[in-house]
Amino acid sequence: CVQLSVPSLPQVRATHPDCAVIFYFQEQEAKCLQLIRSESQNPALPERPGLQGCLTEWDGVNCWSAMHVGQSQAVACPDIRHVFKKSKALIRRNCTESGWSFPSPPYHSACELEVIGNSNNMDVEASKSYFVTMKALYTCGYSTSLAALFLAIGIFSCFRKLHCTRNSIHIHFFTSFILRGTAVFIKDSILFSDESMDHCTTSNVICKAAITFFHYSVLANFYWLLVEGVYLQTLLLRTFTSDRMYIWWYILIGWGVPTLTVCMWVITRLQYDNHGCWDDYTSLYRWVIKAPILLAIFVNFLIFLNVIRMLAQKICSPDISQNYKQQYMRLTKSTLLLIPLFGVHYMAFALFPEHIGVDARLYFELVLGSYQGFLVALLYCFLNGEVQAEIKRNWGKWQLSMASNIFNLATQDFTA
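For the sequence shown, position 271 matches number 384 in this note's numbering, and the numbering has no gaps at all.
Simulated from the structure, these hints should not be mistaken for lab results. Do not rely on the hints blindly, as some may be mistaken.
Said to hold, decoys possible - Here are the simulated lysine to any residue pairs, SDA-like style, with alpha carbons at most 25 Å apart: (1) Lys274 to Leu348; (2) Lys321 to Ile402; (3) Lys427 to Leu450; (4) Lys510 to Arg273; (5) Lys427 to Leu348; (6) Lys201 to Glu142; (7) Lys241 to Thr295; (8) Lys300 to Leu250; (9) Lys300 to Ser256; (10) Lys300 to Ala260; (11) Lys300 to Lys403; (12) Lys274 to Ala502; (13) Lys274 to Leu496; (14) Lys446 to Ile268; (15) Lys300 to Leu373.
Claimed, not checked - Quick list of simulated restraints, FRET-style, between CB atoms: (16) Ile135 to Arg351: 56 to 66 Å; (17) Gln512 to Ser302: 36 to 46 Å; (18) Ser302 to Arg279: 34 to 44 Å; (19) Arg506 to Asn387: 50 to 60 Å.
Note that the structure is a prediction, hence the values are computed from the model and not measured. Note that the Cβ used here is the ideal one computed from N, Cα and C, for glycine as well.
Whole structure, please, built from the sequences with the hints as guidance.
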């Protein structure tokens with residue numbers, strides 16, 4: 114008699130499809146070993162004295178159930194497309210007096226196993242070179258952004274005339290980008306510094322903490338952009354009569370909401386999905402992070418439309434002077450540019466599966482995303498007319514002071 118079993122590949126959460134294969138075979142092996150242990154305690158199975166047969170066996174691909182001598186069993190190829198080209202072919206093994214026979218036909222023949230040849234080696238080398246180039250590009254981008262952001266924070270902090278609620282919000286926004294760049298470097302140093310590390314099974318506190326910190330920095334990024342939009346709308350509604358009491362509400366939104374979200378995500382992962390390094394982008398629990406980001410983008414988009422409407426009304430109003438119109442434009446142009454710029458690419462990829470558009474996703478999120486901090490510093494600080502005027506004023510003041518000191522020294526030497 115012949116027994117037929119068809120293994121099915123369950124949906125396994127993993128960072129990469131290769132990890133799904135590893136987890137699948139680990140799960141099948143664990144089930145098979147459990148079956149072997151249970152059979153060893155059951156006297157009705159072939160190992161019972163007086164009965165001849167083959168014990169349950171795991172051959173690295175399939176679990177072959179215990180059988181009596183003379184029986185045979187057939188199983189189908191595992192349904193893993195990028196490992197086996199065929200999934201409906203059958204492999205048979207006979208139970209003989211000397212034990213299980215070899216699989217017939219062999220797996221590589223029946224299932225058309227993907228053999229790693231020279232062409233695949235070339236693909237691996239090309240892929241490795243591609244990721245090395247990608248890493249070099251985003252490392253340069255984040256380094257440039259970090260330098261620009263630290264300089265911008267220094268400028269806003271050093272000049273007293275630049276101390277205001279608006280620039281305080283900018284500093285918090287800059288800080289969120291600094292955290293994001295730092296998180297990327299930390300994650301790379303922990304996850305990708307050792308090529309021998311098994312990313313599919315690595316699970317430790319440091320690794321999980323790095324991923325948690327990265328998610329927190331990304332959330333803080335989007336929520337401080339939301340704060341920028343909320344503050345801009347508040348200015349337009351209140352006609353520039355801002356109040357510093359609102360800064361604590363802005364801080365609560367910008368840092369508090371990401372903290373609460375990440376805490377909920379960590380608790381969820383610990384309770385229901387505590388496997389690997391928590392960097393599995395196909396996990397349903399990732400929506401604990403994604404949903405608040407999408408909410409922030411959606412609210413920012415509504416603010417974007419409302420600000421444009423209010424701006425058009427104020428600019429077209431004959432009751433507002435030209436100076437106020439220019440002030441409105443100066444305050445709004447940077448934020449109005451950043452809201453769609455930062456939100457569109459995230460919206461474009463967030464609703465699609467992770468395996469779709471991988472190259473484009475990597476380019477937008479890593480390479481172009483690494484220069485976002487530099488762009489923010491450029492728009493809010495370096496191209497800010499108020500900042501430029503203050504720097505020129507202090508530079509002129511410093512030059513005048515130096516010239517005066519030199520003149521005084523020369524005068525003292527002459528009189529002496």
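A quick look at each hint next to the structure:
1. Taking the CA atoms of Lys274 and Leu348, the gap is near 19 Å; set against the 25 Å cutoff, the hint holds.
2. The straight-line distance between the Cα atoms of Lys321 and Ile402 is roughly 15 Å, inside the 25 Å bound, and the hint therefore holds.
3. Restraint check for Lys427 and Leu450: satisfied, since their Cα atoms lie roughly 19 Å apart, inside the 25 Å limit.
4. For the hint linking Lys510 to Arg273, the alpha-carbon distance of about 15 Å falls within 25 Å, and the restraint holds.
5. A C-alpha spacing of about 13 Å is found between Lys427 and Leu348, which places the hinted pair at or below 25 Å, so the restraint holds.
6. A threshold of 25 Å between alpha carbons decides the hint, and for Lys201 with Glu142 the separation of about 21 Å falls inside it, so the pair holds.
7. Distance restraint check for Lys241 and Thr295: the Cα-Cα separation of roughly 24 Å lies within the 25 Å cut-off, and the hinted pair is therefore satisfied.
8. Taking the CA atoms of Lys300 and Leu250, the gap is near 16 Å; set against the 25 Å cutoff, the hint holds.
9. Of the supplied pair hints, the one linking Lys300 and Ser256 holds, its CA atoms being roughly 15 Å apart against a limit of 25 Å.
10. Among the hinted pairs, Lys300 with Ala260 is consistent with the structure: their alpha-carbon atoms are about 19 Å apart, no more than 25 Å.
11. Only pairs whose Cα atoms come within 25 Å are accepted, and Lys300 paired with Lys403 is accepted, the gap being roughly 19 Å.
12. Using a Cα cut-off of 25 Å, the hinted pair Lys274 and Ala502 holds, with the two alpha carbons roughly 11 Å apart.
13. With a C-alpha separation of about 17 Å, the suggested pair Lys274 and Leu496 falls inside the 25 Å cut-off, and the hint holds.
14. Proposed proximity of Lys446 and Ile268 is supported: the alpha carbons are some 21 Å apart, at most 25 Å.
15. With a CA separation close to 21 Å, the supplied pair Lys300 and Leu373 stays within the 25 Å bound.
16. For Ile135 and Arg351, the hinted distance range of 56 to 66 Å is satisfied, since their beta carbons lie about 57 Å from each other.
17. For the pair Gln512 and Ser302, the beta carbons lie near 44 Å from each other, so the given range of 36 to 46 Å is met.
18. Evaluation of the 34 to 44 Å hint for Ser302 and Arg279 yields a pass: the beta carbon distance comes to about 35 Å.
19. A hinted range of 50 to 60 Å for the beta carbons of Arg506 and Asn387 is consistent with their spacing of about 57 Å.
Every hint from the earlier list agrees with this structure, and none is contradicted.
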